[in-house]
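Numbering (my numbering), first residue to last: 3 to 149.
These are calculated hints, taken from the structure and not from any lab test.
Beta carbons are placed, not taken as given, at the ideal position from N, Cα and C, and that holds for glycine.
Take the hints with a grain of salt, since some may be wrong.
Here are the simulated distance ranges between beta carbons [as the list claims (entries may be wrong)]:
| # | residue 1 | residue 2 | range |
| --- | --- | --- | --- |
| 1 | 140 | 118 | 24 to 32 Å |
| 2 | 80 | 38 | 35 to 43 Å |
| 3 | 104 | 140 | 18 to 26 Å |
| 4 | 83 | 41 | 29 to 37 Å |
| 5 | 20 | 82 | 17 to 25 Å |
| 6 | 5 | 60 | 16 to 24 Å |
| 7 | 106 | 142 | 18 to 26 Å |
| 8 | 146 | 54 | 20 to 28 Å |
| 9 | 69 | 104 | 14 to 22 Å |
| 10 | 30 | 58 | 26 to 34 Å |
Heads up, simulated BS3-like pairs for lysine-lysine below, C-alpha to C-alpha not over 27 Å straight-line [stated by the list, open to error]:
| # | residue 1 | residue 2 |
| --- | --- | --- |
| 11 | 9 | 40 |
| 12 | 89 | 40 |
| 13 | 22 | 89 |
| 14 | 9 | 22 |
| 15 | 66 | 22 |
| 16 | 40 | 54 |
| 17 | 40 | 22 |
| 18 | 139 | 66 |
| 19 | 54 | 66 |
| 20 | 66 | 89 |
| 21 | 9 | 139 |
| 22 | 30 | 139 |
| 23 | 30 | 40 |
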Amino acid sequence: MSPPSIKSPYRLMVEGPDDKHTLVHLLKRHGYDWDDAKRTRPYVEDVGGVEKLLDRTLLSTALKTYDRLALVFDADLPPYNRWHQLKTCLEQLSIEVPDAPEPGGTLLSGLRPNSRLGIWVMPDNSQPGRIEEFIEKLVPADDSLWP
Numbered sequence: 003m004s005p006p007s008i009k010s011p012y013r014l015m016v017e018g019p020d021d022k023h024t025l026v027h028l029l030k031r032h033g034y035d036w037d038d039a040k041r042t043r044p045y046v047e048d049v050g051g052v053e054k055l056l057d058r059t060l061l062s063t064a065l066k067t068y069d070r071l072a073l074v075f076d077a078d079l080p081p082y083n084r085w086h087q088l089k090t091c092l093e094q095l096s097i098e099v100p101d102a103p104e105p106g107g108t109l110l111s112g113l114r115p116n117s118r119l120g121i122w123v124m125p126d127n128s129q130p131g132r133i134e135e136f137i138e139k140l141v142p143a144d145d146s147l148w149p
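Construct the complete structure from the given sequences, taking the supplied hints into account.
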């Protein structure tokens, strides 16, 4: 089967290629049938960095284009406040955003009728860090291949 079409009305936007492949494989590992062409599958887009992902013009275009938009990005380490950056950007587009990410992921109404915006801040919507810290928590403590 072919990967999801770039024309899909669903879009998952991530920082880079490692994030893209990590999420696709994680979804597959947990039973998501990435190859089922009968389902509307999100096209996963590597946007080329967190600054591009949090760009107001890019987000405005995406929010006006897709029925479902998901953003996954790293919180990184202080002094960055990625959530505040995103909140400011989205509020300039007239989207109400909570002061902090929801623990289970944040779901908001999009700009289009009946559209949705989902946001996940790696590693866990509360701690500073990256997708790598999220993946580390999935490895069993006694794994002989893990340093």
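For each hint, the structure was consulted:
1. Under the hint 24 to 32 Å, the C-beta atoms of residue 140 and residue 118, about 26 Å apart, fit the expected range.
2. Between residue 80 and residue 38 the Cβ separation comes to about 41 Å, which falls inside the hinted range of 35 to 43 Å.
3. Separation of residue 104 from residue 140 is about 21 Å and conforms to the stated range, judged on CB atoms against 18 to 26 Å.
4. The supplied range of 29 to 37 Å is met by residue 83 and residue 41, whose beta-carbon atoms lie about 36 Å from each other.
5. One distance hint, 17 to 25 Å for the beta-carbon pair residue 20 and residue 82, holds here, with the actual separation near 18 Å.
6. Checking the proposed 16 to 24 Å range against residue 5 and residue 60 shows it holds: the Cβ atoms sit about 22 Å from each other.
7. Hint check: residue 106 to residue 142, Cβ distance near 24 Å, so the stated range 18 to 26 Å holds.
8. Distance hint check for residue 146 and residue 54: the Cβ-Cβ separation is about 38 Å, which falls outside the suggested range of 20 to 28 Å.
9. Checking the proposed 14 to 22 Å range against residue 69 and residue 104 shows it holds: the Cβ atoms sit about 21 Å from each other.
10. Taken as a hint, the range 26 to 34 Å holds for the pair residue 30 and residue 58, whose Cβ atoms sit roughly 33 Å apart.
11. At roughly 15 Å between alpha-carbon atoms, residue 9 and residue 40 fall within 27 Å of each other, so this suggested pair holds.
12. Restraint check for residue 89 and residue 40: the C-alpha separation of about 35 Å exceeds 27 Å, so the hint is violated.
13. This hinted pair checks out: residue 22 and residue 89 have alpha carbons roughly 23 Å apart, not beyond 27 Å.
14. At roughly 17 Å between alpha-carbon atoms, residue 9 and residue 22 fall within 27 Å of each other, so this suggested pair holds.
15. Distance check on the hinted pair: residue 66 and residue 22 sit about 22 Å apart at the alpha-carbon level, within 27 Å; holds.
16. Under the criterion of a C-alpha separation no larger than 27 Å, the hint pairing residue 40 with residue 54 is inconsistent with the structure, at around 32 Å.
17. A C-alpha spacing of about 22 Å is found between residue 40 and residue 22, which places the hinted pair at or below 27 Å, so the restraint holds.
18. Restraint check for residue 139 and residue 66: not satisfied, since their Cα atoms lie roughly 36 Å apart, outside the 27 Å limit.
19. Our distance criterion of 27 Å between C-alpha atoms is met by residue 54 and residue 66, whose separation comes to about 17 Å.
20. Our distance criterion of 27 Å between C-alpha atoms is met by residue 66 and residue 89, whose separation comes to about 17 Å.
21. Under the criterion of a C-alpha separation no larger than 27 Å, the hint pairing residue 9 with residue 139 is inconsistent with the structure, at around 34 Å.
22. Taken as a hint, the residue 30 and residue 139 pair is honoured in the structure, with Cα atoms around 18 Å apart against an allowance of 27 Å.
23. Proposed proximity of residue 30 and residue 40 is supported: the alpha carbons are some 16 Å apart, at most 27 Å.
Of the hints listed earlier, those the structure fails to meet are numbers 8, 12, 16, 18, 21, in rising order.
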